[in-house]
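*Asks:* Each chain is listed here by its residues.
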Amino acid sequence: MHAGKGIAILERVWPVLVLVVPLMAVVVLADLYGSVMFQRTVTDALIKIVLVVGLYIFIGNSGIVSFGHIGFAGIAAYFATWMTCCAMMKPITMTGLPDFLRLETYSLWSTALVSVAIAGVAALVIGLVLMRLSGLAASISTLAALFIFHAVYANWDSVTMGRASIVGVPTYVTVWVALGGAVLAIAVAWLYQISSYGLATRAARDDEVAAQASGISLYWNRLIAFVLSGMVVGLGGVLMVHFQGTISVNAFYLNLTFITLAMLVVGGMRSLAGAVVGVVVLTSVADVFRRLEAGVDLGAMRLSTPVGTQEMFLAALMLLILVFRKDGLMGRRELRLPRFPGTGQGREAP
Amino acid sequence: MTPPETAAEPRPTRLQAQNVHVSFGGIRALTGIDLTIRRGEVLGLIGPNGAGKTTLVNVLTGFQAPTEGRVMLEDQTLTGMKARDVARAGVARSFQAARLFRDLTVQENLVVAALGAGLPRRAAEARAHEILDWIGCAPIAHLTCDGLSYGDERRISIARALAMGPSFALLDEPASGMNETECAALMQVISELPAQFDCGVLLIEHNMTVIMGVCQRIHVLDGGRSLAEGTPDEVQANPAVRRAYLGEKADQVALTI
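Heads up: the protein sequence lines correspond to chains A and B, in order. To convert a position in the first sequence, counted from 1, into the working numbering, add 112. To convert a position in the second sequence, counted from 1, into the working numbering, add 152.
Since the hints were made in silico from the structure, they are not lab data. Note that the structure is a prediction, hence the values are computed from the model and not measured. The C-beta atom is built at its ideal place from N, Cα and C for all residues, glycine as well.
Per label pair, the in silico range of CB-to-CB distance:
#1 306/A with 285/B: 15 to 25 Å
#2 301/B with 143/A: 43 to 53 Å
#3 274/B with 236/A: 25 to 35 Å
#4 236/A with 368/B: 50 to 60 Å
#5 439/A with 291/B: 19 to 29 Å
#6 294/B with 439/A: 14 to 24 Å
#7 257/B with 321/A: 15 to 25 Å
#8 285/B with 400/A: 52 to 62 Å
#9 226/A with 347/B: 53 to 63 Å
#10 333/B with 303/A: 38 to 48 Å
#11 303/A with 294/B: 12 to 22 Å
#12 430/A with 301/B: 27 to 37 Å
#13 294/B with 429/A: 33 to 43 Å
#14 348/B with 236/A: 38 to 48 Å
Chain B extracted, bound-state conformation (with noise of 0.2 Å):
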C-alpha cells in the first residue's frame, strides 16, 4: 500500500507530550507525564483502570485541554488546537467504544475521514476501498454500521483513524471483546502498521498478549504517573511495575511470552 500522498512535507518523526499535567477539579488525572512516540514503532501504553491512559490520549488528540505542560509534534506545538486541527495535523485516534457513524456504510466511514484530512471525493474513495482491501473488510464495505459484529466494529474503527493517512495513530483498546482469534488477526495488523502507513502507533491495550507481541517499547502509567518505560523485557522485569499492575495477573501466561 503506498503511504499517504503527503509527499510534500517530510512527515514528522515525533510526537511528544512534555510535562503534562491534567487535573478535573481537585483530582489529578496525570502528573508530569513525559513520553514520546516515534515514527515507525509501535508504543504500548499500559496501566491499571484509572491509571489516565485515555486522558493523555485525550490530550495528545485535542480533546483535553493539559492544565500545565504541552504537546509537540516535530516542532509544531498542538496543544491548545482544535480536536479537528490536530487530526488534519496528521494525529489520528480510535476511541474505546468504536464509535462509528452508524447510518453510514464502512465504506462511507473511512471516506469521511480522508475527506477530513483534506483528500478530494476520489482519492478518499481510492484510500477508503485500498484500507478495507488491506484490513480484510473489503466485502462488508456497502454495509451499514448500525448492524455490524462487534469484532468488525472495532476493526473499522482503527480502519477509519488509518484513512486519515495520520502520522500517528493512536488506538484505545483495540482488541477489548475480542476473542483469541480475532486478537490473533488484530496483532497481525497492528505490528504492520507502522511500515505499512509510515507512521507510529500508541496503542493502549489490557491485552498482555497483544501488548507484549507487537509493542517495541512499553510505557506504564499508574494513578496519573509515569511508572516506568522500556522494551516489553526491562517492562516485565521492572519490580515497580509487577508490584503495581502486573502483579495483580501474575498468573497470567501472557507474562511468560
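The shape of chain A in the complex, shown without the other chains (with noise of 0.2 Å):
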C-alpha cells in the first residue's frame, strides 16, 4: 500500500522532475565548466523558458493563441526598471514617473513580486474584456493589444525615455537565478494544469459545446488561465530586464512574441513538456548556427557560413516540424513515468 502511494506521488511530481532536472544538470555544468559566452546562452534559454511555460499556461491549456503576452513582460519589464533603475538618472528623465518611483530604489525581491503583479493586473483588465472573444477572434484582439501596449509605451516619453533605451538597471540574474525562475514557471504551470481551473478550461479547449453541457464557465475558466500567465510572462520580463541591465520598448514587440511562439508550436503547443523543449531545441540550433557564421577553424582552414543561414535553417525547421509534425515535438503529451503493471491501471483496454 506503502509503495502505491509512493508510486502515485511520484507518478504527479514526474512532469515536473524530468524537466527541471535536466535543465539543473545543464546549469551545474555551465557553471563549472562553461565560458561566459555559454553561460549567458544558458541564462537566457532559461528566461525563454519562463516566457515560453508563461504563454503555454494560456495558450495550451485555452486553446487560444495569444499574440499578446509580450506584452505583459514589457509592462511588468518597465515597473521593475522604474523601480530599481539609476537613482541619478531618473528624476531628470523621466520627469513624468510619480515621486514614489522617481526618487526612490527598491529592493530586488519587492520590484520583482510588485512588477509580477503588475502585469497580473493587466491582464485582467484585458483579459476580462477579450475572455467574452473565441477561437481566431480572441487571438486577433490579443494582437490588438501588443499594438496598443508598444504605441503607448513608445510615445509615453516622460516616463519610458521613448523609443530609446533605459541603462543603468542593476543585474542580479545569474544563470543560477534563471534556473529558479524556470523551475518555478514550470512548477506553476503543472500545478495550475492539474487543477480543477485547469482541467476545466483545457475541456472547453477540446468541446466548448460539451464544456458548456458540463456546467463549465468558459469565460472564468479563460479568465484565470490568461492572468495566471501574464503573471508568470512578467516574470519572464523582470528577469530578462535584470539580466541585460537595459531595456526598451522594442525588445518587447514582434520579434520576441514569434519568437517564443515559434518554440512554444515547435515543442508542442499542447505540452508543458513541448514549452520546454521547444526552448531548448530552438535556442540550441541557432547557437550552433551563430558559432558557425562567427567561422570554425579546422587546421589551417577557417570555415563560415554566410550570415543568415541561422534565419533560414530555422524557419525550414519550423516548417518541417509543422508539416510532418504539426502537434509539435511533444504532440500532445506530457512526459510521464511508464504505468507499472499491478498498480491496478493498465494502458491496454479490457
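Hints are included, so try docking the two chains, each in its own frame, into the full complex.
*Replies:* Here it is as C-alpha cells:
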C-alpha cells in the first residue's frame, strides 16, 4: 500500500522532475566548465523558458493562441526598471514618474513581486474584455492589445524615454537565478494544469459546447488562465531586464512575440514538456549556427557559413515540423512515468 | 450507488416544455410542443429524421432559445438561462456525436462534469470513479479519449452526463452505431438510471428495440409537431404514428416486442 502511494506521488511530480532535473544538470555544467558566453546563452534560454511556459499556461490550456502576452512581459519589465533603475538619472530623464518611483529605489525582491503583480493586473483588465471572445477573434484581439502596449510605451516619453534604451538597471540574474525562475514557472504551470481550473479550461479547449453542457464557465476559467499566464510571462520580463541591464520598448514587441511562439509551436503547444523542449531545441540550433557564422577553425582553414543561414535553417526547421508533426515535437503528451503492472491501471483497453 | 448528495433542497419532479415554438428564419422546426418528463421514468422521444427531436433537447438544455413558449423545471423557469446554468440547475445531456474532451482521460471527462455541477475536487473524483465502476468502464478510466472505441465513446458520453448528478438526463441517440450486444448492455444501463440516480430520463433513439424495451412512455414528433404520446403499446397501435413513422419500418422485428 505504501509503495502504491509512493508511486502515485511520483506519478504526479514526475512530469515536473523530468523537465527540471536535466535543466539543473545543464546549469551545473555551465557553472563549472562553461565559458562566460555559454553561461549567457544558458541564462537567456532559461529566461525564454519562463516566457514560453508562461505563454503555454494560456495557449496550451485554452487552445487560444495569444500574440499579446509579450506586452505583459514589457509592462512588468518597465515597472521593475522604474523601481530599481539609476537613482541619479531617473528624476531628470523620467520626469513623468510619480514621486514614489521617481525618487525611491526598491529592493530587488519586492520589485520582482510588485512587477509580476502589475503584469497580473494588466492581464486581468485586458482579459475581462477579451475572454468574451473565442478562437480567432480572441487571438487577433490579443495582437491588438500588443499594438496598444507598444504604441503607449513608445510614445510615453516622460516615463519610458520613448524608443530610447534605458540603461543602468541592476543586473542580478545569473544562470542560477534564471534556473530558479524556470523551475518556478514550470511548477506553477504544472500545478495549474492539474488543478480543477486547469482541467475545466482544457475541457473547454477540446469541446466548448460539451463544456457548457457540463456546467463549465468558459469565460471565468479562461480569465484565470489568462491572468496566471500574464503573471508568469511578466516574471520572464523582470528576469530579462535584470539580466540585460537595459530596456527598450522594441525588445518587447513582434520579434520576441514570434520567437517565443515559434518555440512553443515547435515543442508542442499543448504540452508543458513541449514548451520547454521547444526553447531548448531552437536555442541549441540557433547557437550552433551562430558559431558557424562566426567561423570555425579547421587547422589552417577557417570556415564560416554566410550570414543569415541561422534564420533560414530555423525557418526551414519550423516548416518541417509543422508539415510532418503539426502538434510539435512533443505532440499533445507530457513525459509521464510509464505505468507499472500491478498498480491496477493498465494502459490497454479490456 | 448513492444519489447525488444535494439532499438540502428537494429534487425537482418534472421538466416541462410548455407550448414551445422554434423557427429558424422562415422554417418552423417546432410548433406548439408540450412535453413533461417526470422524475423516475424513462420517456422516449421518437420521430423521423428532421422531426425536431434534437432541437427540442437543445431548447430544454438552453442551447436554443424558443421563439415562443417556455421550459420549466418544477417551478423554476429555465427559458433564457445560459446552457451552463441550465446544466448546473440539474438538466444534463449527451450529444449525438459523443463530443468527449478528447485530450483528457476518461476519468477526467467525468470529473469535469462533476466539478461543473459544483462538487469539490475530491468528491468529484469519487463520483467519477463510482459511475465508471457502475457502468463497467473502470478499466479504461486512465485512457485518453482520443483512442477509445466507438462503443466506449458512447458509454462515456452518457457517464459524463450522469457525473453531474442531474435531476434529468437527456440522451440524444445513445445507441446509434452500436452492435446488438452493446445495445443490450445499454438498455440495461438506461432502464436502471431512474432508480440509481433518482432522475428522469429523456431518450431520443431510432433503435426501436431500445425504445420499446426501456421506455414507460413515448412521445412522437413529426414535422415539428407532437403526433402522439402514450405507453409503448398505445403508440405502436396508433394509426397516425404507424403511418408517419413506424409504418416505414412495419416489417421491423422491434414492433412485435
